[in-house]
Amino acid sequence: MTGFSNKVLLSSYKLADLLCYPKFDSVEYRDRINELRSLNIKFVILEGPTVLNSINILGKGNEGLVLKVRDFKNNTMAVKIKRTDSCRIAMENEFNFYKYVNLHNIGPSAYLHTKNMLLMECIEGLSARKWFFSSITKLDLVRRVILDILNQCFKLDVMGIDHGQLNKLDNHVIISHDGSKCTIVDFESASRNRKVNNVTSAIQGLFFRGPIAEQVKTIYNNTNMRSELQSLLTIYKKEKCRENFDSILSLIKCD
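Our numbering puts the first residue of the sequence shown at 75, with every later residue one more than the last.
It is possible that part of the hints are untrue.
To be verified - Simulated restraints on C-beta separations:
1. N148 with R218: 29 to 37 Å
2. R316 with L215: 22 to 30 Å
3. K311 with S250: 24 to 32 Å
4. N295 with R268: 33 to 41 Å
5. F146 with T124: 25 to 33 Å
6. D145 with R316: 37 to 45 Å
7. S85 with N148: 16 to 24 Å
8. S265 with N295: 30 to 38 Å
Hint data in this document are derived by calculation from the structure and do not stem from the laboratory.
This one's a predicted model, so the numbers in the text were calculated from it and none came from an experiment.
C-beta: ideal position from N, C-alpha, C; glycine also.
Work the whole structure out from these sequences, hints included.
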């Protein structure tokens with residue numbers, strides 16, 4: 075798309091299959107258009123790294139789609155729209171988690187919500203998987219990114235909030251192109267009622283299991299470090315305290 079063709083007014087038919095994905099319903103569609111209007115949204119910007127039915131959007135998950143939008147004050151934001159096949163009743167729970175973690179500088183800033191939508195800050199960058207598989211291979215930069223992610227995970231552990239999906243970092247962390255900022259997203263599965271495993275889950279995804287871990291091995295090639303890390307992680311699981319977490323960070327900082 076070129077020029078301004080990617081800016082779509084709410085009256086455009088192009089939005090029908092996005093607002094009511096994966097199954098269109100005319101009544102639901104009208105309700106969701108009204109929800110966008112109540113959020114003061116002027117138009118949707120069809121761009122992003124995810125392609126759905128030949129349309130570019132910011133993201134697609136099991137529970138919702140994320141679209142870039144602009145309001146009448148010319149502010150660019152992101153809106154998460156509940157899928158029509160989602161088992162979730164409303165967006166309020168995720169919104170409340172965002173508002174709480176925002177107090178600790180975690181996650182995109184959450185602004186407003188309706189029954190089916192969550193309006194929040196639009197985060198620019200790459201998914202964790204794409205970032206780690208980019209041309210960036212400098213150990214110091216990779217280390218800084220890993221430490222940033224883990225420090226945020228420790229904050230969540232201390233708060234007693236389990237994100238629930240950080241064992242698969244791929245699309246749940248957005249990293250700025252230069253690696254200066256990491257943002258944990260998607261708190262739809264977050265809970266205060268289960269054992270927190272944010273640090274342990276993230277370390278598994280960064281060092282031991284999955285495509286990101288395999289890529290990190292090629293950059294952070296230290297077999298002994300992984301063995302020691304596993305031992306420190308076992309200790310941390312038993313007692314999630316600052317001292318045990320700092321021991322993990324100290325090991326990761328070593329060359």
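Results of checking the hints against the structure:
With their beta carbons about 34 Å apart, N148 and R218 fall inside the hinted range of 29 to 37 Å. Between R316 and L215 the Cβ separation comes to about 26 Å, which falls inside the hinted range of 22 to 30 Å. A hinted range of 24 to 32 Å holds for the C-beta pair K311 and S250, which are about 31 Å apart. The hinted range of 33 to 41 Å is satisfied by N295 and R268, whose Cβ atoms lie roughly 35 Å apart.
Here the CB-CB span from F146 to T124 is close to 26 Å, well matched to the stated 25 to 33 Å. Distance hint check: the CB atoms of D145 and R316 are about 41 Å apart, consistent with the given range 37 to 45 Å. Here the CB-CB span from S85 to N148 is close to 19 Å, well matched to the stated 16 to 24 Å. Evaluation of the 30 to 38 Å hint for S265 and N295 yields a pass: the beta carbon distance comes to about 36 Å.
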